[in-house]
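J.: As a plain string of letters, each chain reads:
Protein chains: 2
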Amino acid sequence: MKLASLKDGSRDGQLAVVSRDLKHAVFTQGITRLQQALDDWDFAAPQLQDLSDALNAGRAAQAFAFDPAQCMAPLPRAYQWADGSAYLNHVELVRKARGADIPQSFFTDPLMYQGASDHMLGARDAIEAASEDWGIDFEAEVAVVTGDVPMGTTADAALEHIRLVMLANDVSLRHLIPPELAKGFGFFQSKPASGFSPVAVTPDELGTAWKGGRLHLDMRVHWNGQLVGSANAGPEMRFHFGQLIAHVAKTRVLAAGSIVGSGTVSSQDRARGYSCIAELRALEMIEHGEARTAFMHFGDSVRIDMLDAQGKSVFGAIEQKVVQAGAA
Amino acid sequence: MKLASLKDGSRDGQLAVVSRDLKHAVFTQGITRLQQALDDWDFAAPQLQDLSDALNAGRAAQAFAFDPAQCMAPLPRAYQWADGSAYLNHVELVRKARGADIPQSFFTDPLMYQGASDHMLGARDAIEAASEDWGIDFEAEVAVVTGDVPMGTTADAALEHIRLVMLANDVSLRHLIPPELAKGFGFFQSKPASGFSPVAVTPDELGTAWKGGRLHLDMRVHWNGQLVGSANAGPEMRFHFGQLIAHVAKTRVLAAGSIVGSGTVSSQDRARGYSCIAELRALEMIEHGEARTAFMHFGDSVRIDMLDAQGKSVFGAIEQKVVQAGAA
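If you read the sequences in order, they're chains A and B.
Read in order, the letters of the first sequence are residues 3 to 330 in our numbering.
Read in order, the letters of the second sequence are residues 3 to 330 in our numbering.
Rather than coming from a laboratory, the hints here were simulated on the basis of the structure.
Heads up, a few of these hints could be off.
Because identical chains share one entry, a pair is satisfied inside a single copy or across any pair of copies.
Once the Cα atoms are required to be at most 30 Å apart in a straight line, the calculated DSS-like pairs of lysine-lysine come out as [stated by the list, open to error]:
no. : residue 1 : residue 2
1   : K213      : K185
2   : K185      : K252
3   : K252      : K25
4   : K252      : K9
5   : K98       : K9
6   : K185      : K9
7   : K252      : K323
8   : K252      : K314
9   : K98       : K185
10  : K314      : K98
11  : K213      : K9
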């Protein structure tokens with residue numbers, strides 16, 4: 003099934019079940035917020051599934067036209083956003099551009115950071131920034147939402163705790179990253195609010211594209227209307243989602259509703275383009291000794307989408323515009 | 003007023019107003035969770051204040067004896083835990099022990115990291131760890147809970163967004179920190195669940211001890227029953243809470259219920275002892291060339307408390323025991 007949180011003036015939005023073709027939606031009864039469903043998934047999921055079945059069969063009462071512009075993030079505020087960097091091609095390129103090798107440990111120990119989760123952006127919400135000088139960039143990612151995960155879980159067992167899959171735009175302020183990482187405590191100001199796809203879907207909805215804890219579909223990224231990336235999110239994801247979750251759960255439990263991200267999808271195949279501008283700039287630096295492409299300007303747009311084997315959007319598209327803070 | 007979230011089998015606990023002397027409590031009506039009150043503070047606070055006034059005057063119906071052992075963290079799961087390191091004496095000592103100076107920028111640019119907030123520990127909850135080899139340490143901190151904070155707020159304006167003040171035990175796994183920070187993305191496995199004081203209090207409750215965004219009271223830390231720390235949390239806090247909040251809000255909004263921590267309270271006055279074992283070990287390294295004190299063992303306890311001018315506990319004490327994971 004596919005779930006969305008629709009804008010209703012509240013902080014968490016109104017939970018809705020969305021049809022497989024993303025054309026219709028229906029509000030749920032009783033369970034009105036996605037976090038509520040995640041808190042009690044075994045109780046909630048069968049009811050939501052029944053509603054989804056009815057909606058897909060065209061027999062849901064009070065169904066209405068689904069409008070992605072009305073979507074908040076599936077979890078407009080979440081209790082955790084743990085983001086990985088599981089595509090080593092991305093890590094390798096970015097490091098190479100600054101003359102650094104990739105440490106051997108990176109092939110066995112996932113790179114992850116704790117992100118902010120108190121305010122997530124909906125699929126059409128603007129990316130607000132005070133200055134273009136911050137180096138505004140998008141990062142197209144796959145993200146999962148977990149149920150409760152016990153401390154010390156194995157990677158295989160962790161896969162069983164994945165409730166939902168969605169797309170994310172992990173907005174990054176590139177020029178704020180080097181001084182921030184130099185302080186040694188990780189990202190903070192350089193990682194503002196992230197955006198999420200209109201709907202989150204259960205893994206069963208993905209069919210054979212979901213295997214081994216990876217999503218084997220192309221991440222289609224448009225920048226100002228031009229297709230710049232189409233890397234397959236599956237094969238080059240070094241650590242699958244079970245491994246990322248197990249990494250986080252090594253020393254603590256994860257509460258239901260935790261979001262875990264894959265990191266920027268990336269491919270060694272240059273013809274697949276890029277899922278973040280930093281990668282293009284890294285290639286330019288390696289090739290020309292300098293980055294030639296500027297980061298995003300006010301007014302720029304990014305579109306992040308994923309199509310199934312039939313060419314239909316799975317999650318709906320993230321379509322965000324960069325605006326000057328205060329001007330929105 | 004003083005607020006607590008009492009264990010009731012739910013994920014968020016039952017909101018209660020606690021008397022100034024921490025002897026009695028009364029359940030709230032209508033507003034049943036602390037996050038709910040924070041979401042709509044201007045509406046909720048006056049009602050809670052009325053109840054607090056009645057309770058302190060001994061005329062609250064259905065008041066009951068307050069038991070800190072029944073407390074969850076005031077926010078058992080929060081949308082954000084942004085922790086600072088605002089006592090530069092701590093930073094200086096820890097760096098000195100490894101032969102590093104303190105960069106000049108650290109005096110003007112706060113050191114902060116994004117912590118996990120999906121699962122917070124109550125004041126009497128055990129600290130679970132799989133291994134003593136992780137280097138289990140406590141860190142006694144002051145923490146505040148904010149309302150909604152706009153992007154780009156000034157430090158002075160940020161002070162107005164502080165709703166509650168509490169104590170925190172930012173549990174740290176010291177031996178996991180160096181390899182993790184070496185990866186460049188900050189803390190993750192090295193910062194497991196944090197513990198919080200039984201009650202959170204409004205700033206007005208602190209009287210003159212709360213000034214300039216700092217809490218001028220001694221942080222009393224007992225390790226296995228022995229008083230090891232009594233640093234005043236006020237004078238040596240380089241960045242006040244408004245500055246820490248403004249740092250976080252530079253590139254994004256903060257949602258109501260965000261928790262911002264001070265970092266380990268620390269004093270240059272050696273007679274004041276220490277608020278985390280790492281600091282004692284740093285002193286040992288500087289003095290003897292090696293750390294002589296081991297980190298916490300299974301069965302060890304830590305007690306973190308703060309007394310007002312009359313010698314009464316303000317927040318109730320954090321009293322946590324270290325247990326082997328799975329054995330709790």
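J.: Now look at each hint and say whether the structure bears it out.
T.: For each hint, the structure was consulted:
For the homomeric pair K213 and K185, the shortest alpha-carbon distance between copies (29 Å) is at most 30 Å, but the shortest distance inside one copy (38 Å) is not. Proximity of K185 to K252 under the C-alpha cut-off of 30 Å is found in both arrangements, the shortest distances being 25 Å within a copy and 17 Å between copies. Proximity of K252 to K25 under the C-alpha cut-off of 30 Å is found in neither arrangement, the shortest distances being 41 Å within a copy and 38 Å between copies. Only between protomers do K252 and K9 lie at most 30 Å apart by alpha-carbon distance; the minimum there is 26 Å, versus 36 Å within a single protomer.
Proximity of K98 to K9 under the C-alpha cut-off of 30 Å is found in neither arrangement, the shortest distances being 43 Å within a copy and 52 Å between copies. For the identical chains of this complex, K185 and K9 are neighbours neither inside a copy (38 Å) nor across copies (39 Å), given an alpha-carbon limit of 30 Å. For the identical chains of this complex, K252 and K323 are inter-copy neighbours only, at 20 Å across copies versus 37 Å inside a copy, given an alpha-carbon limit of 30 Å. Within a single copy, K252 and K314 get their C-alpha atoms no closer than 38 Å, and across copies no closer than 39 Å, so neither meets the 30 Å cut-off.
In this assembly of identical chains, K98 and K185 lie within 30 Å of each other by CA distance both inside one copy and across copies; the values are 21 Å within and 16 Å between. Within a single copy, K314 and K98 get their C-alpha atoms no closer than 36 Å, and across copies no closer than 58 Å, so neither meets the 30 Å cut-off. Taking identical chains as interchangeable, the C-alpha atoms of K213 and K9 are never at most 30 Å apart, the minima being 33 Å within one chain and 40 Å between chains.
The structure fails to meet hints 3, 5, 6, 8, 10, 11 from the earlier list, while all remaining hints are met.
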